[in-house]
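Trainee: Please model the complete structure; the sequences and the hints are all you need to start from.
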Amino acid sequence: MNLNRRNLLKIAGAAGAGAALTGGALASATTRGAAKNAAGVLVDTTRCVGCRACEAACSEANGLAAPEKAGDDTVFAARRRTGPTSFTVVNKSAEKSPAGEERYAKTQCMHCVTPACASGCVVKALEKTALGPVVYHEDRCLGCRYCMIACPFGVPKYEYTKAAPLVRKCTFCAARQEKGLPPACTDACPSGALTFGKRADLLEEAKTRIYQNPTKYVHEIYGEDEAGGTSWLYISDVPSASLTLPQDIVKKSYPEMADGALSAVPFIVTLWPPLLMGLYTFSKRRDDVAGHENSPKGAGHE
Amino acid sequence: MAPKAYARSLFTRTNAIFAAILAIGLPTLAYRFWKGMGAVSNLSQTNPWGIWVAFDIVCGVALAAGGYTVAAAVYLFGQKQFRPVLRPAILTGFLGYLFVVVGLMVDLGQPWRLPYQFFLTPGTTAVMYEVGWCVFLYLMVLALEFLPAALEWLGMTKVRRFMSAISIGIIVLGVTLSTLHQSSLGAFFLMSPGKLHPLWYSPFLPIFFFVSSIAAGIGMVIFESSVSHRAFQDQLDPEAHVDMDALQLGLAKGGAVVLFAYFFVRLQGLVASGRYDLLLTGWGAWYALEMLGFVLLPSLLFAFAVRTQSAKLARAAGVMTVLGVVLNRFNVSLIAFNWNVPDRYVPALGEIIISITIVTLGVLVFRWIVNRMPVLHEHPEWRGAH
Chain A
1 MNLNRRNLLK IAGAAGAGAA LTGGALASAT TRGAAKNAAG VLVDTTRCVG
51 CRACEAACSE ANGLAAPEKA GDDTVFAARR RTGPTSFTVV NKSAEKSPAG
101 EERYAKTQCM HCVTPACASG CVVKALEKTA LGPVVYHEDR CLGCRYCMIA
151 CPFGVPKYEY TKAAPLVRKC TFCAARQEKG LPPACTDACP SGALTFGKRA
201 DLLEEAKTRI YQNPTKYVHE IYGEDEAGGT SWLYISDVPS ASLTLPQDIV
251 KKSYPEMADG ALSAVPFIVT LWPPLLMGLY TFSKRRDDVA GHENSPKGAG
301 HE
Chain B
1 MAPKAYARSL FTRTNAIFAA ILAIGLPTLA YRFWKGMGAV SNLSQTNPWG
51 IWVAFDIVCG VALAAGGYTV AAAVYLFGQK QFRPVLRPAI LTGFLGYLFV
101 VVGLMVDLGQ PWRLPYQFFL TPGTTAVMYE VGWCVFLYLM VLALEFLPAA
151 LEWLGMTKVR RFMSAISIGI IVLGVTLSTL HQSSLGAFFL MSPGKLHPLW
201 YSPFLPIFFF VSSIAAGIGM VIFESSVSHR AFQDQLDPEA HVDMDALQLG
251 LAKGGAVVLF AYFFVRLQGL VASGRYDLLL TGWGAWYALE MLGFVLLPSL
301 LFAFAVRTQS AKLARAAGVM TVLGVVLNRF NVSLIAFNWN VPDRYVPALG
351 EIIISITIVT LGVLVFRWIV NRMPVLHEHP EWRGAH
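Here the protein sequences come in this chain order: A and B.
Residue numbering for the first sequence follows the working numbering, starting at 1 and increasing by one per position.
Residue numbering for the second sequence follows the working numbering, starting at 1 and increasing by one per position.
Just so you know, the hints here were simulated from the structure itself, not pulled from any lab data.
The reader is advised that the hints may include incorrect statements.
In silico contact screen, one side only, chain A against chain B (beta carbon under 10 Å); selected entries [stated by the list, open to error]:
no., residue
1, P84
2, L126
3, G143
4, R145
5, Y146
6, A150
7, Y158
8, A164
9, P165
10, V250
11, M257
12, A264
13, P273
14, L279
15, R286
Calculated cross-link-like contacts (lysine-lysine; reagent style PhoX-like; alpha-carbon spacing at most 25 Å) [to be verified]:
no., chain 1, residue 1, chain 2, residue 2
16, A, K284, B, K80
17, A, K198, A, K179
18, A, K69, A, K96
19, A, K284, B, K253
20, A, K162, B, K35
A few chain A residues that don't get close to chain B, going by computed Cβ distances all over 12 Å [unchecked claim]:
no., residue
21, G50
22, P98
23, R209
Note that beta-carbon positions come from the ideal geometry of N, C-alpha and C, so glycine has one too.
Mentor: Printed below as a string of structure tokens:
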């Protein structure tokens with residue numbers, strides 16, 4: 001139903017006299033979708049040993065303080081979240097593998113194919129690049145924190161204690177990628193749990209691994225459809241729910257959810273003024289006929 | 001009045017309360033900008049929007065809807081009996097929006113970059129981009145709508161005449177801009193289907209926000225006219241003989257219809273979601289309280305007030321309507337938002353103090369203007385000519 005309504009509004013908006021105003025919406029369609037060969041990472045949690053080398057590499061690459069309790073496994077006792085000074089954290093799964101092994105999963109920005117944060121940002125401080133990363137332009141950010149409201153994964157974090165605060169999150173090492181280098185975390189991973197490559201290829205790889213080991217893997221690729229698809233993809237032999245990956249994610253593009261409302265704008269801009277002027281003329285005419293019009297001509301509208 | 005006598009006249013009990021609020025509030029405000037918002041607020045990584053957004057902005061915009069509601073009724077629908085409350089409604093609207101912007105400045109991390117969205121790096125795909133432009137333009141429209149009162153006060157006859165000639169165009173622009181941004185405020189939450197409780201999340205949120213903003217406007221005009229009538233007795237026109245009771249009953253008639261329509265579209269939202277199962281949970285009880293106690297009940301009370309010609313009941317229903325819209329905005333942006341997250345947000349004392357300070361500043365400016373310009377009464381030279 002929602003889809004039909006949206007399409008209807010799109011057609012109506014495009015056909016309307018306010019077509020010029022839809023320029024923004026059309027531009028968004030081209031900037032939203034990343035290129036076919038955009039980068040991605042496949043996380044195979046059956047290969048992750050929970051060494052947290054990715055955390056250390058991330059902190060180093062982004063100039064952040066070293067991860068808490070580096071090399072100390074007691075850190076896994078509590079569920080950890082990313083923060084303004086830790087862009088990725090590894091958590092232990094609530095469930096062990098069928099073979100009785102511990103499972104771990106790192107969390108970071110998922111770098112959505114159509115990110116809610118970027119489409120909702122009023123100053124384009126967040127932007128999905130053609131290479132794949134969702135990057136943050138700190139020189140533009142107003143600090144409205146709408147990205148934090150919109151992100152279904154709860155990724156953007158804020159520097160509440162600073163006088164000129166910024167949003168902080170995983171950058172997918174965009175600067176390294178531009179130089180042809182892989183993200184620091186994938187480079188540091190010693191166990192092969194993180195595979196860096198083109199998202200399209202990684203999706204094939206994930207499917208192949210599941211196909212070749214149908215009894216081992218859970219038949220689920222987390223990130224394939226979540227929020228319309230993410231650059232980061234997860235496969236595992238335990239359910240994604242136990243890997244602390246959010247489960248209330250709608251499997252369609254989040255920016256599209258606001259399309260109906262945005263498409264109505266040119267509609268209202270073109271229809272309301274003539275409609276309202278018509279109402280005015282109508283009520284004025286009624287007054288004239290009823291003989292209630294007693295204001296002198298030229299003194300303005302009664 | 002001599003300066004000395006004027007100074008003495010300022011020592012009233014009301015002013016003492018205002019002074020106390022500002023004495024605490026202004027330093028708190030300064031502290032927020034000096035030490036960052038974390039120093040005075042309970043905002044967190046999971047709850048990035050607190051009462052500065054929920055109350056100062058989301059509620060503030062709805063409660064300032066009286067301006068466009070009454071302007072449309074008087075100018076476009078020919079409901080001229082509401083003319084006596086037009087100027088106070090427009091002034092309330094203008095100051096309401098002005099202080100929404102003040103509230104926004106407090107909530108933004110780097111408020112000095114506000115112009116970026118208009119000029120440097122406009123995010124044209126954002127709902128907030130549309131809201132930003134609408135609020136900016138509508139603030140100017142409200143200023144223009146209020147300008148005649150200021151021009152009459154200043155005795156600038158020629159400009160005042162010109163303003164009359166273009167008034168309809170300004171009113172139409174104002175209603176159009178209000179339709180857009182009142183509804184878009186609801187569109188903010190369209191991208192939060194997993195975070196906003198399903199009883200409040202709906203693809204129709206923009207329509208809910210638009211319809212309820214009209215109810216909020218009507219409720220606020222009834223409330224504000226009652227308060228002004230008492231507080232500014234000396235400003236009332238002795239010759240006009242405005243029957244405030246009849247006027248409020250007229251507004252009540254509109255309130256009954258709009259609130260019932262709003263109740264109905266909200267029901268349609270529930271039907272579309274099909275989540276009747278949630279009605280039997282604690283959240284369902286909270287939803288029922290909002291829908292039955294603060295939408296359906298005031299609608300019926302308005303109707304009953306009109307039927308029994310009880311202006312007192314109409315005023316009570318007006319207050320309930322205002323509270324109902326506040327409750328709804330709080331639910332969508334704060335209470336039912338992040339409903340399944342364990343760490344709940346509760347506003348810090350500093351946040352509450354700053355919000356009260358902003359409202360107080362608005363009331364003070366309102367009082368200053370009403371005591372000087374022809375708002376609650378007509379200017380003698382412009383009687384009947386608007």
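Trainee: Does each hint hold? Answer for all of them.
Mentor: Hints and how they fare:
1. The interface hint given for A/P84 holds, since its Cβ lies 8 Å from the closest Cβ of chain B, which is under the 10 Å cut-off.
2. The interface hint given for A/L126 holds, since its Cβ lies 9 Å from the closest Cβ of chain B, which is under the 10 Å cut-off.
3. Interface restraint check for A/G143: the shortest CB-CB distance to chain B comes to about 2 Å, inside 10 Å, so the restraint holds.
4. With 10 Å as the threshold, the beta carbon of A/R145 comes within range of chain B, its nearest partner Cβ sitting at about 4 Å, so the hint holds.
5. Satisfaction of the interface hint for A/Y146 is found here, the shortest Cβ-Cβ separation to chain B being roughly 6 Å, below the 10 Å cut-off.
6. Contact between A/A150 and chain B, as hinted, is supported at the beta carbon level, the nearest pair being about 4 Å apart and thus within 10 Å.
7. For the restraint placing A/Y158 at the interface with chain B, the shortest Cβ-Cβ distance is roughly 6 Å, inside the 10 Å limit, so the hint holds.
8. Look at A/A164: its Cβ gets to within about 6 Å of chain B, closer than 10 Å, so that hint holds up.
9. Because the beta carbon of A/P165 sits about 4 Å from the nearest beta carbon in chain B, less than 10 Å, this interface hint is met.
10. With a least beta-carbon distance of about 5 Å to chain B, the hint placing A/V250 at the interface is held under the 10 Å criterion.
11. About 5 Å separates the beta-carbon of A/M257 from the nearest beta-carbon of chain B, less than 10 Å, and the hint is met.
12. A distance limit of 10 Å between C-beta atoms decides the matter here; for A/A264 the minimum to chain B is near 7 Å, and the interface restraint holds.
13. Residue-level restraint check for A/P273 holds (minimum Cβ-Cβ distance to chain B is 5 Å; threshold 10 Å).
14. Checking A/L279 against chain B by beta carbon gives a least distance of about 5 Å; that is within 10 Å, so the hint holds.
15. Below 10 Å, beta-carbon pairs count as interface contacts, and A/R286 has one with chain B at about 6 Å; its hint therefore holds.
16. For the proposed pair A/K284 and B/K80, the alpha carbon gap of about 11 Å is at most 25 Å, so the pair holds.
17. Restraint check for A/K198 and A/K179: satisfied, since their Cα atoms lie roughly 16 Å apart, inside the 25 Å limit.
18. Proposed proximity of A/K69 and A/K96 is supported: the alpha carbons are some 23 Å apart, at most 25 Å.
19. With a C-alpha separation of about 22 Å, the suggested pair A/K284 and B/K253 falls inside the 25 Å cut-off, and the hint holds.
20. Taking the CA atoms of A/K162 and B/K35, the gap is about 7 Å. The hint holds against a cut of 25 Å.
21. Every CB of chain B lies more than 12 Å from the CB of A/G50, the least distance being 24 Å, so the non-interface label holds.
22. For A/P98, the condition that its CB be more than 12 Å from all CB atoms of chain B holds, with the nearest at approximately 29 Å.
23. Every Cβ of chain B is farther than 12 Å from the Cβ of A/R209; the closest lies at roughly 28 Å, confirming the non-interface assignment.
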